[in-house]
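Trainee: From first to last, the protein sequence lines stand for chains V and W.
Numbers 1 to 611, taken from my numbering, label the letters of the first sequence in order.
Numbers 1 to 623, taken from my numbering, label the letters of the second sequence in order.
FYI, nobody ran anything at the bench for these hints, they're computed from the structure.
None of the values given here were measured: they were computed from a predicted structure.
Using N, Cα and C, we set each Cβ at its ideal position, and we do this for glycine too.
Among the hints, a few may not be true.
[What the hints assert, rightly or not] To be clear about the criterion: a stretch of chain V counts as covered by chain W if any three or more of its residues have a C-beta under 8 Å from a C-beta of chain W, and this derived list gives those stretches: (1) 225 to 232; (2) 267 to 281; (3) 304 to 317.
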Amino acid sequence: MSTRGTAPALDRPRGVEDEERIDLDRETSRAVRRRSRVLLVDLLRPQRVAFWWCVVLVVVAQASRVAGPAIIATAIDTGIPAAQAGDWTRVWLIGGAYLAAAVLAGAGSAAYIRLAARVSQAVLLDLRQRVFAKTQRLSLEFHESYTSGRIIARQTSDLEALRELLDNGITSLASGMLFMLFTGTSLFLLDVQAGAVLAVAVVPVFLVVRWFATRSRVLYRESRVASARLIVNFVETMTGMRAVQAFRRERANDERYAGLAEDYRRNNMRTFNLNGVFDPALQLIGNLTVVIALAIGGYRVLHGDLEVGVLVATLLYTKRFFQPVQQMAMFYNSFQSASAALEKISGLLEERLTVRPAEDPVPLPDPKGDLVFEGVTFGYGSGPLVLPRFDLHVPSGQTVALVGATGAGKSTLAKLIARFYDVSTGAIRLDGVDLRDLSRTDLRRAVVMVTQEAYLFSGTVRDNIALGRPDATDEEIERAAQAVGAHDFIVAMPDGYDTDVNKRGGRVSAGQRQLISFARAFLADPAVLILDEATSSLDIPGERLVQRGLESLLHDRTAMIIAHRLSTVAIADRVLVMADGRIVEDGTPEDLISGDGRFSALHAAWRDSLV
Amino acid sequence: MSTASAQRQPTSDTPTIATLARLLPFVRPALPRMGAGMLAALGAGLCALAIPQVLESLVNGPLAGAAESGDARGLWTAVGAVLGLGLLEALFVFARRRFILTPTTHVEAQMRTSLFRHLQDLPLAFHDQWPGGQLLSRSMSDLSMLRRWMAFGIVMLVVNLVTVSVGVGLMVATAGPLGWVYLAGAIPMSFLSFRFSRRFRRISRQSQDQAGDLATTVEESVHGIRVLKAYGRGPEAYRSFSAQADQLRRTEMNKARQMSAFTFSIITIPELVLGACVLWGIWLVTQGDLTVGAIVAFFATAAVINGPVEQLGHLLSMSLNAKTAVDRYFEVLDSPNLVADPEEPVEIAEPRGEVRFEGVRFHYPDAPPADLVRAHSQVPHEAPRAEVLCGVDLTVRPGETLALVGLTGSGKTTMAALVPRLFDVTAGAVLLDGVDVRRMTRHHLRTHVAIAFEDATLFSASVRENVLLGAPPDASGDDDLERALEIAQAGFVHNLPDGVETTIGEEGLSLSGGQRQRLALARAIAARPRVLVLDDPLSALDVETEEAVTARLREELADTTVIVVAHRPSTVALADRVAVLQDGKVTGVGTHSELLADHLHYRFVISSLIEDEEFDRARGVRA
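Construct all of the structure, not just a fragment, from the sequences and the given hints.
Mentor: Printed below as a string of structure tokens:
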């Protein structure tokens with residue numbers, strides 16, 4: 001996303017940049033194709049042994065199935081005369097061979113199905129995990145423009161396209177090719193002229209396949225975009241259902257969604273129609289080849305240049321040669337569809353991390369919480385600077401209240417400390433170590449941020465608090481809840497701490513959600529705690545309880561508190577007033593209140609609003 | 001964390017025929033073309049069968065003993081026939097695809113939009129219970145699975161069954177007793193198919209549910225990304241996702257095992273029967289009860305129907321998956337709408353804007369039974385009761401601004417949501433100008449009642465579209481937009497890159513909490529409602545902005561009835577009167593100063609200035 005607008009170069013990753021585009025220029029198209037092929041090969045590599053076993057099993061099963069009719073022919077040709085002559089051993093032998101072939105065909109196919117599913121499911125699991133891990137690693141900057149719906153599209157409908165390819169059997173392609181190779185070779189060995197006819201027939205097949213490849217590539221690309229749009233729209237509507245209904249958007253949404261569904265349908269239909277030409281065209285080429293082989297062969301027979309028996313055999317081979325073609329066409333079709341999906345997935349996977357993990361992390365086993373901003377500047381993406389040159393020292397253990405109007409840069413400052421973003425220039429140091437040199441584990445143990453939106457995951461209340469520290473004991477979890485005054489309402493829920501927040505009786509109010517998220521932070525017990533508007537939905541008694549909890553919690557740790565309600569300031573050692581990304585006032589609450597600056601005015605106004 | 005449950009929905013297992021009957025209304029318009037497509041498929045099959053026949057007769061006829069008595073005309077006739085059949089076959093294949101595929105895409109799109117429409121109609125109570133991934137998987141993967149089955153599965157199933165029946169008929173006709181033996185093989189096959197269907201259906205359901213849950217987890221992991229990042233819980237989320245994805249993998253493997261076992265029998269049993277036929281057939285021939293010609297014809301036919309029989313396994317599993325998809329689809333489409341429009345709706349052209357709560361009781365449809373809650377509630381606190389509201393009586397006068405005050409979790413938000421019927425009361429009634437809101441259509445009611453939520457939902461659209469979301473159609477001009485933005489103190493939008501045309505929401509610029517709230521407020525104002533419901537809409541604003549918004553609201557909303565959920569005195573300042581919500585009832589109504597003087601609970605909830613001892617006493621007193 002960060003590279004948007006620059007000239008495309010092939011040697012650098014393109015990421016999700018071209019995701020919505022369908023008509024790619026030749027080079028770009030080739031580059032994304034290569035990217036998707038590399039990913040597919042990479043995914044299949046660990047499965048290669050199982051993969052080749054699959055091919056072997058298919059060949060065995062096919063061969064046994066083909067052997068059946070041949071054995072019956074022997075039975076009729078030689079078994080019956082022998083039996084009529086009273087010799088039944090031959091018949092028993094033939095019967096035995098037939099049974100063996102039957103069991104082998106069945107067992108081979110059965111084993112193949114299991115093994116193929118193992119390969120296919122292992123590949124899918126691998127890819128799911130890669131995509132999930134990648135989306136978790138990508139910075140917030142990325143997530144702010146790449147919607148959840150698109151990630152879900154990548155993880156669902158794109159993966160299904162790949163699944164179809166794997167299930168339709170890459171292995172059946174391998175066995176089909178083997179089959180065609182054997183048949184073709186046999187034909188050449190039998191009669192070179194008939195072989196030549198087949199060789200000529202390969203030319204139109206090649207042309208048709210190439211035509212299909214070019215056309216279907218564009219259509220399937222379009223299909224991925226259309227289905228992703230449909231999913232994005234669906235997810236957004238369901239997530240915002242409350243506003244949709246409150247503002248009567250149902251009808252307008254219906255129209256929009258129906259439009260997107262129709263786009264997707266049209267695209268589907270176009271791919272089907274393309275297939276509807278491709279498939280019969282191949283069939284037709286096969287049939288015409290048989291006709292030509294018959295005409296030439298028959299003519300030669302009539303002139304005595306060819307045995308009838310050989311003609312029959314060559315016709316049979318020619319016909320057989322085209323037998324797997326239908327299957328191959330189906331395979332190629334799902335290959336095209338999966339490639340388009342892998343183009344998108346591989347784009348997401350190669351997206352560059354803007355907040356990169358430290359390559360050679362400096363350990364910080366016992367963080368004290370001493371924070372230094374050194375000549376920090378910062379702007380979102382290529383936008384204007386939000387923080388123009390910022391210097392600040394927060395000694396360990398200090399509680400700092402950040403005050404200022406919306407847009408003054410308070411939240412940005414907080415996000416930089418939590419390393420949701422990286423500074424543009426300068427550095428932020430924790431205990432003298434640049435944040436960018438800390439391992440993710442050390443950083444998260446040292447710095448925790450509680451945001452205004454208190455998101456709860458499905459699961460129990462206990463799980464949600466334990467997110468602060470997954471190895472915490474039940475007592476520790478309850479102590480954290482008690483400290484912020486959440487314990488009382490939690491135990492009053494139907495299953496107490498084990499109440500599922502999405503289920504019966506698990507409904508919690510906005511304020512209660514914030515209390516749960518506060519308990520998380522208590523449990524995490526970091527050296528540096530950042531509270532960004534974390535108490536906005538609390539009622540006054542709730543806030544008061546949290547305040548008391550905070551007083552003891554923040555006693556010996558560094559804290560940055562952003563709050564519009566100045567009640568928090570009472571527990572702060574220091575107040576920073578920000579405006580336009582700069583600190584305009586800095587001092588103890590008492591000093592600032594008694595002065596005549598901005599904070600003093602703000603505090604007076606806030607004081608007046610209380611009762 | 002992130003462990004959604006697969007057992008949320010009852011696994012319905014309706015008879016297959018009943019399931020298919022449900023599809024009929026959607027499929028009906030496509031039926032003639034699908035029938036034509038099936039005929040085309042049969043035609044293609046016949047051509048394919050006829051080509052070898054022509055070749056055989058050519059070899060046996062004109063070409064036999066070629067060198068001496070070559071019959072050139074016969075050869076060219078045969079070549080012509082093969083050519084004709086070859087062209088015809090390709091044409092039939094082409095026709096089959098054209099006939100069947102287009103209508104199936106229409107059926108799919110139609111079912112997809114119907115589901116969407118129904119979901120938008122269903123009340124919030126439904127959406128609270130159904131995770132997004134489950135709905136999405138129904139709308140996308142289930143429906144495309146169904147489409148594939150209609151386009152390919154059902155057609156091939158019918159064609160194959162016809163082929164097999166005709167084939168077996170021929171076998172019985174040509175080789176009598178041998179044919180009956182072959183047919184006897186159908187007995188274990190039907191038994192095994194039945195058993196397979198039963199098992200496979202259960203696993204197929206499980207796998208589709210798990211896929212939906214996995215989608216839910218993905219959705220949550222993205223929506224909750226800030227929390228996960230703030231605590232560095234990416235690795236834990238990854239582990240839990242992996243475990244869930246692995247569970248799905250194992251279900252799929254289980255499915256493959258069932259499929260594998262069934263495939264073994266469906267291939268082996270007919271072949272074993274044929275093996276027996278070989279032996280018995282030869283014996284019959286030696287006894288003179290059967291001719292060699294008959295036995296040849298018998299096995300030739302068996303070879304032809306072998307392929308279709310083997311395909312039946314695959315087609316059966318495909319059909320079972322499709323059935324599961326249909327079941328899952330109709331589970332949602334059949335969910336009754338408990339907040340529906342009345343049969344004979346009442347309309348109020350120009351409401352005065354009086355809102356009355358009469359003995360309103362409310363519990364969420366999924367609330368646990370009352371006794372269960374009581375057993376756990378040893379704590380004297382504003383506990384979640386089975387009933388959130390138990391008998392609320394309150395009148396909001398036309399044009400009045402009333403603040404709802406109560407502890408967090410006391411039901412203020414719920415009460416606010418009852419007015420525009422986002423939920424319906426369980427007992428009692430909410431009346432607008434004396435008319436029960438349930439007697440109006442939701443659409444009509446919501447043109448009069450607008451609501452602004454605390455956590456603002458912005459859609460991926462321009463600022464203008466977001467603000468004018470509920471505006472009356474005649475008034476989507478700039479004046480309304482500017483007025484709403486000005487009242488809500490949302491002038492900051494003019495400084496965005498494209499001003500009011502800037503795209504915001506998930507796909508656009510991200511805004512701060514305070515900015516979002518102001519836009520949500522502007523949206524509610526732009527709707528120009530008679531009744532405006534504000535659910536703590538100023539919580540994320542700084543003191544100065546809040547003051548400015550409050551002042552402007554007081555000026556502008558003089559004629560509008562406003563119900564405002566409030567947590568702090570600065571919001572209460574908007575109100576003419578205040579109602580205190582406590583233990584599911586309104587325990588006091590009055591002006592701010594009246595209540596502050598004589599309502600203990602109110603003072604406890606709203607006052608920051610009471611001393612700590614009084615605070616602790618009040619906490620105890622509420623019991």
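Trainee: Which hints from the list above does the structure break, by number from lowest to highest?
Mentor: none
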